[in-house]
Amino acid sequence: MSTQSAGLSRYGEEFKTFLSETWLGYVMVIPATLILAVIIGYPILRGIQLAFYEASLLNPEQMQYIGLENFLRLLEDTTFQGALWRTILLTGIVVSLQYLLGLGLALVLREKVPGVEIFRSLSMVTWVIPVIVMVIIFRFLVQNGFGPVNIILGNLGMETSYWFGQRGPAFILVIIMHVWRNVPFYAIALLAGMTAIPKEQYEAARLDGAGALQRFRYVTLPQISTVSMIMIILHVTFTFKNFDIVYLSTGGGPLGSTEVLATYVYKQAFEQYALGYGASIGVVMLIIMLVFTVVYVQYESAE
Amino acid sequence: MGQLETRNLTKIFQDSGQEIVAVDDLDITIEDGEFITLVGPSGCGKSTTLRSIAGLETPTTGEVYLDGQEITDRKPKARDMAMVFQSYALYPHMTARENMAFGLRMATDLSAEEIDRQVTETAEMMEIGNLLDKKPGDLSGGQQQRVALGRAIVRDPEVFLMDEPLSNLDAKLRTQMRTELQALQQDLDITTLYVTHDQTEAMTMSDRIVILDDGRLQQIGTPLECYHQPVNQFVAGFIGSPSMNFFEIELNTQGEPTFVHDGFEMKIDEDVLTDVEGHESLTLGIRPEDIEVVKADARNAITKQVQVAEPLGEVTYVHLEIGQQQCTATLQGDLVFDAGQTLSIRFPQDRIHVFDGQTGNALRNREPPARDDIEAFAEGQVDETARSDA
Amino acid sequence: MPQNQSGTGITRRRMIGVTGAGVATTLLAGCGSGGTAETDSDGGTEESTDSGGGSGEQALMWEYGFPNTQGVEPVWRNTFEAKYEELAGEELTISRFAYEDLRQKFLTGARTGDPDAIEGTLSHFSEYLAAGHLAQLDDLANELDYFDGYIDNAIDAMRYQGDLYALPYEGNARAFFVRQDILDELGQDIPETVSDFHEVGRMINEEYDDVVAYHNCTKDGSVRAFQEFMSHIYQHTDNMYVPEGDSWSLNVEAETIGQVFDNWYYQMYAVDNPVADPDDLGTGWQTNDPGYINGNYAFIEGGTWIRNWTSGENINDSDTAQDILDNKTQIAHFPRGEGASKGTFLEIKPVMANAHSDQLEKAKTAVQAYTHPDVLSEGMAQDPEASGSAMTPVHEDVESTIDSENWEALTEIFETGRALAQVTWGPVREEFYTYMQQVAYGETDPYDAGEQFHSALQDLESEI
Numbered sequence: 136m137s138t139q140s141a142g143l144s145r146y147g148e149e150f151k152t153f154l155s156e157t158w159l160g161y162v163m164v165i166p167a168t169l170i171l172a173v174i175i176g177y178p179i180l181r182g183i184q185l186a187f188y189e190a191s192l193l194n195p196e197q198m199q200y201i202g203l204e205n206f207l208r209l210l211e212d213t214t215f216q217g218a219l220w221r222t223i224l225l226t227g228i229v230v231s232l233q234y235l236l237g238l239g240l241a242l243v244l245r246e247k248v249p250g251v252e253i254f255r256s257l258s259m260v261t262w263v264i265p266v267i268v269m270v271i272i273f274r275f276l277v278q279n280g281f282g283p284v285n286i287i288l289g290n291l292g293m294e295t296s297y298w299f300g301q302r303g304p305a306f307i308l309v310i311i312m313h314v315w316r317n318v319p320f321y322a323i324a325l326l327a328g329m330t331a332i333p334k335e336q337y338e339a340a341r342l343d344g345a346g347a348l349q350r351f352r353y354v355t356l357p358q359i360s361t362v363s364m365i366m367i368i369l370h371v372t373f374t375f376k377n378f379d380i381v382y383l384s385t386g387g388g389p390l391g392s393t394e395v396l397a398t399y400v401y402k403q404a405f406e407q408y409a410l411g412y413g414a415s416i417g418v419v420m421l422i423i424m425l426v427f428t429v430v431y432v433q434y435e436s437a438e
Numbered sequence: 051m052g053q054l055e056t057r058n059l060t061k062i063f064q065d066s067g068q069e070i071v072a073v074d075d076l077d078i079t080i081e082d083g084e085f086i087t088l089v090g091p092s093g094c095g096k097s098t099t100l101r102s103i104a105g106l107e108t109p110t111t112g113e114v115y116l117d118g119q120e121i122t123d124r125k126p127k128a129r130d131m132a133m134v135f136q137s138y139a140l141y142p143h144m145t146a147r148e149n150m151a152f153g154l155r156m157a158t159d160l161s162a163e164e165i166d167r168q169v170t171e172t173a174e175m176m177e178i179g180n181l182l183d184k185k186p187g188d189l190s191g192g193q194q195q196r197v198a199l200g201r202a203i204v205r206d207p208e209v210f211l212m213d214e215p216l217s218n219l220d221a222k223l224r225t226q227m228r229t230e231l232q233a234l235q236q237d238l239d240i241t242t243l244y245v246t247h248d249q250t251e252a253m254t255m256s257d258r259i260v261i262l263d264d265g266r267l268q269q270i271g272t273p274l275e276c277y278h279q280p281v282n283q284f285v286a287g288f289i290g291s292p293s294m295n296f297f298e299i300e301l302n303t304q305g306e307p308t309f310v311h312d313g314f315e316m317k318i319d320e321d322v323l324t325d326v327e328g329h330e331s332l333t334l335g336i337r338p339e340d341i342e343v344v345k346a347d348a349r350n351a352i353t354k355q356v357q358v359a360e361p362l363g364e365v366t367y368v369h370l371e372i373g374q375q376q377c378t379a380t381l382q383g384d385l386v387f388d389a390g391q392t393l394s395i396r397f398p399q400d401r402i403h404v405f406d407g408q409t410g411n412a413l414r415n416r417e418p419p420a421r422d423d424i425e426a427f428a429e430g431q432v433d434e435t436a437r438s439d440a
Numbered sequence: 145m146p147q148n149q150s151g152t153g154i155t156r157r158r159m160i161g162v163t164g165a166g167v168a169t170t171l172l173a174g175c176g177s178g179g180t181a182e183t184d185s186d187g188g189t190e191e192s193t194d195s196g197g198g199s200g201e202q203a204l205m206w207e208y209g210f211p212n213t214q215g216v217e218p219v220w221r222n223t224f225e226a227k228y229e230e231l232a233g234e235e236l237t238i239s240r241f242a243y244e245d246l247r248q249k250f251l252t253g254a255r256t257g258d259p260d261a262i263e264g265t266l267s268h269f270s271e272y273l274a275a276g277h278l279a280q281l282d283d284l285a286n287e288l289d290y291f292d293g294y295i296d297n298a299i300d301a302m303r304y305q306g307d308l309y310a311l312p313y314e315g316n317a318r319a320f321f322v323r324q325d326i327l328d329e330l331g332q333d334i335p336e337t338v339s340d341f342h343e344v345g346r347m348i349n350e351e352y353d354d355v356v357a358y359h360n361c362t363k364d365g366s367v368r369a370f371q372e373f374m375s376h377i378y379q380h381t382d383n384m385y386v387p388e389g390d391s392w393s394l395n396v397e398a399e400t401i402g403q404v405f406d407n408w409y410y411q412m413y414a415v416d417n418p419v420a421d422p423d424d425l426g427t428g429w430q431t432n433d434p435g436y437i438n439g440n441y442a443f444i445e446g447g448t449w450i451r452n453w454t455s456g457e458n459i460n461d462s463d464t465a466q467d468i469l470d471n472k473t474q475i476a477h478f479p480r481g482e483g484a485s486k487g488t489f490l491e492i493k494p495v496m497a498n499a500h501s502d503q504l505e506k507a508k509t510a511v512q513a514y515t516h517p518d519v520l521s522e523g524m525a526q527d528p529e530a531s532g533s534a535m536t537p538v539h540e541d542v543e544s545t546i547d548s549e550n551w552e553a554l555t556e557i558f559e560t561g562r563a564l565a566q567v568t569w570g571p572v573r574e575e576f577y578t579y580m581q582q583v584a585y586g587e588t589d590p591y592d593a594g595e596q597f598h599s600a601l602q603d604l605e606s607e608i
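For the protein sequence lines, the chains are G, L and H, in the order given. Okay, so the first sequence: first residue is 136 according to the working numbering, each after it adds one. Okay, so the second sequence: first residue is 51 according to the working numbering, each after it adds one. Okay, so the third sequence: first residue is 145 according to the working numbering, each after it adds one.
Bear in mind the hints are in silico, worked out from the structure with no lab data behind them. Hints may contain errors.
Dumping the calculated DSS-like pairs for lysine-lysine here, alpha-carbon to alpha-carbon at most 30 Å [unchecked claim]:
(1) L:222 x G:247
(2) L:127 x L:222
(3) G:334 x L:127
(4) L:184 x G:334
(5) G:334 x L:185
(6) L:127 x L:184
(7) L:184 x G:247
(8) G:334 x L:222
(9) L:125 x G:334
Taking beta-carbon pairs under 7 Å as the criterion, some of the chain G residues facing chain H (in silico) [to be verified]:
(10) 192
(11) 197
(12) 386
(13) 407
Virtual Cβ for every residue (Gly too), placed ideally from N, Cα, C.
Work the whole structure out from these sequences, hints included.
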């Protein structure tokens, strides 16, 4: 009996320890959770709420509930629709190019080409420099008359211009800036994914009769799918909501040809003072991104 | 057919300007259906040899022949060999079935149904039919091992190449797989080149073993040949557990011919003398299991204190110090000595090995067990005291 | 080893959470929160520094007025700090933000009570006023014995419906920058009418390979572009909008807007023989000002800040720049179109107190110190990095720093300047960019665009 009761009390002790440690855990987690809830949760809820109100940036207190009116207005707002289409197009093109080029770069970096080490450390520069500096560099590159790009084009006997000021080229330049900035980041991330694949799998595949392309298709690609997914979701989100690259380089022009949702939201909220209307666009963006993320992750897990 | 041959196979790696000779002028011929094991200590070149044969490494010089055809420069996939890796190298994103089917999908134009039939058949044979739809991450080490073997088998190659395939398994499973693998190889009758650093695997599984050291071939022969008749001191020391005891000795021919060592003297017979005469320095070798316990006054008896005794049940390992040199004797399990006890032992003359002290080459090996004796044992005609004369 | 792979399911699920949250916050909370550290008004430097958390009792001031050249003694700022300390008996915290950030942060965060005082532009002033963020300063003005010394149109710009909400510290009017040497070579006078200007401009384009006659800003969202447009509107009317009861009334004809569009955008870029270079379309002040200083343009619309801009990353050659600004530049009134008279955009820089500040007295003292004639004459005018700011001072006790005959016209031009009405200009600017670009890119006839812009401006009457 004595041993049994000793055993029981020992369980009791452990249970108490468990409880107190668990509680300690909760106690430690609660403040962080609350802070996160406030920092992340409040603005989202506030943003969603605003979307159903007419509210002015200059008088946010005097907001008026208008139901779905903001959203109905979006249906007739051709600038919004153009920006939405352009945002989707931009995101699609940018992320595809980034992924393809990043993958190619990672494959090159994986080989022991001389100078790769230096390149590897230098390549992140594009990702680290502030957007404004990048925009200044690109503005310099395509300066009318004496920007390096125009000098080259001029020497080739081709047309020169301040390309940010031309309707088609401005959009292409925005794409190029996005790509230029992030390709190295893709490359490094994908490279990390590739380096984690044991080389024996490639040897096994070689013995199994798989050629270089098949090894890439059947061994490499499936095993970098998770890191690919992370990169793609990250950059789809980043590109979809990106504001400063467009705003600083073209301001959405010329003639609205680079207007994207983020710049349109900015203009609505901070130039037109239409906080509620801007928030309704934000909600549309949020829904699109959530749907994209959920569908993509589902698809990826099903693979 | 799967006759495999290497001629003058040499592989030199460049490492920061330095040349490292991994395989040095290796000639091996492996007969069709043979199970050959490459053994040797780490870095002896056994894996490089295997990889050169597989086509994963390009030999610096030398050739590889399969059924008389040179395949040195063929791509791995064109060699009709299947390899099993130490890490199994299963594709983690594919199910066991997809893993096994992959080689057939890549290298043959069999229909999907046919591939599936063959995979299922092989899986049944490997007793992993119920695991086919699991991914490697959901399988135990032993199960992964079976899938890896199945992946090699389903290809029906000319040659199996196995690079330490059992070393990631726990001891018990390893013993079991060893037997299974051997049986499997005999069933399939496919030439197998097996790399291991574990001499038990080498001894128990192979038709012949190839012993490598420092990139060079030491000996090629059946396990027992290598055990009983090592060509040099390296092989003698490498094969057998616990290792053979070695003593550096001098030959004294003044008076009765005697091996002289700091810790003992051993009078030798004429036939031993004939074998070793004319060599300046000599090394005496005796396997622990060949050491006999004798009375202190017996001829050539060496009497020492037991330093450590390790009773294992079936046998007891006794460690003695003889002339500042460690000596291990494997005695019957019921002979349990305590440390500090005095013990007299003897190295029977028909069991000793003598090596040239300089080259390490064997000058004299013990007598191999005669086939007749074994058969006599088998028939129960042997006198219990038959071997007590020495 | 392969076992590791089983963890991916969890990773994925966790990821949805993380990215989902990331999406949500960045979309909604930010609402374009990206630090737009590039001001677009008048060629300031491109940077923003420390965030200015209120430091307890000390007053906090946000500003972008003081020059911020690395390694140079901040004469003006030091003088201001000394004056504040003299008046308040303690120090204050100054935080520097680019105007775009300053405005955005203040519009969204002024209600927290921080900062106590803020410096800005006239268009900020109207917006802050409309948002109810500005404290009335008449009582402060009554205490200042030097208050009457502020020039009238500067003080008028600081009033709304008779009450004073800011004090001015700097004023500058947009003027026509003319390359006198080029005109001399061509034997031409400074054009006084727009048609003369077009004519001499085209002549320059014909005669010179490396000089383009004119440049102005046409980038979407460029504040400077809007100010240039307003300069020409002010050649026709004192105010684009005039108060009418509680609302505003548009005070300019569609025809006038069409004419301004025609003269200053259509003829510049969209016609067959343009005065400016169509390849410069879509650029802002970053091309305009350095372009002139480097000698690429014969005429631009500029202000006092250009006076000593002879070094920096955008300047190709300091000596050339110095020569152009000292010897080759003549400041003049803008050429006038039909029915126009002398008039230009006038910037008056206000310093304001946050109505939500819980230490309003200190806030007012900061306003007082920033705009004090002593600080302006001993700080602003003496600071080698800012001497242009005192070329057209807003207080009679401050002496003009104009040191060149060629630049003397600024004083007279300053008197023809019109300050922006206290309208919330954001929606007006947004409409402007659309129609201006349509004209400049040759999409729309300038007079049609004028009609459309006019009707859009009328629609805004009640909103602004």
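Okay, the hints, checked on the actual structure:
Of the pairs offered as hints, the one joining residue 222 of chain L and residue 247 of chain G is violated, with about 42 Å between alpha carbons and a cut-off of 30 Å exceeded. Proximity of residue 127 of chain L to residue 222 of chain L is assessed by CA-CA distance (about 34 Å); at most 30 Å being required, the pair is judged violated. Among the hinted pairs, residue 334 of chain G with residue 127 of chain L is consistent with the structure: their alpha-carbon atoms are about 16 Å apart, no more than 30 Å. Annotation: proposed proximity of residue 184 of chain L to residue 334 of chain G holds, straight-line Cα distance about 23 Å (limit 30 Å).
Annotation: proposed proximity of residue 334 of chain G to residue 185 of chain L holds, straight-line Cα distance about 19 Å (limit 30 Å). With a C-alpha separation of about 27 Å, the suggested pairing of residue 127 of chain L with residue 184 of chain L holds against the 30 Å cut-off. Between the alpha carbons of residue 184 of chain L and residue 247 of chain G the distance comes to roughly 36 Å, so the proposed pair goes past 30 Å and is violated. A C-alpha spacing of about 29 Å is found between residue 334 of chain G and residue 222 of chain L, which places the hinted pair at or below 30 Å, so the restraint holds.
Between residue 125 of chain L and residue 334 of chain G the CA atoms are separated by roughly 17 Å; this keeps the pair inside 30 Å, and the hint holds. Interface restraint check: residue 192 of chain G against chain H, minimum CB-CB distance 6 Å, threshold 7 Å, status holds. Look at residue 197 of chain G: its Cβ only gets to about 10 Å from chain H, farther than 7 Å, so that hint breaks. For residue 386 of chain G, the interface hint holds, the least distance from its beta-carbon to any beta-carbon of chain H being 3 Å, beneath 7 Å.
Interface hint at residue 407 of chain G: satisfied, since its Cβ lies 5 Å from the closest Cβ of chain H, which is below the 7 Å cut-off.
Taken one by one, the earlier hints fail for this structure at numbers 1, 2, 7, 11, listed in ascending order.
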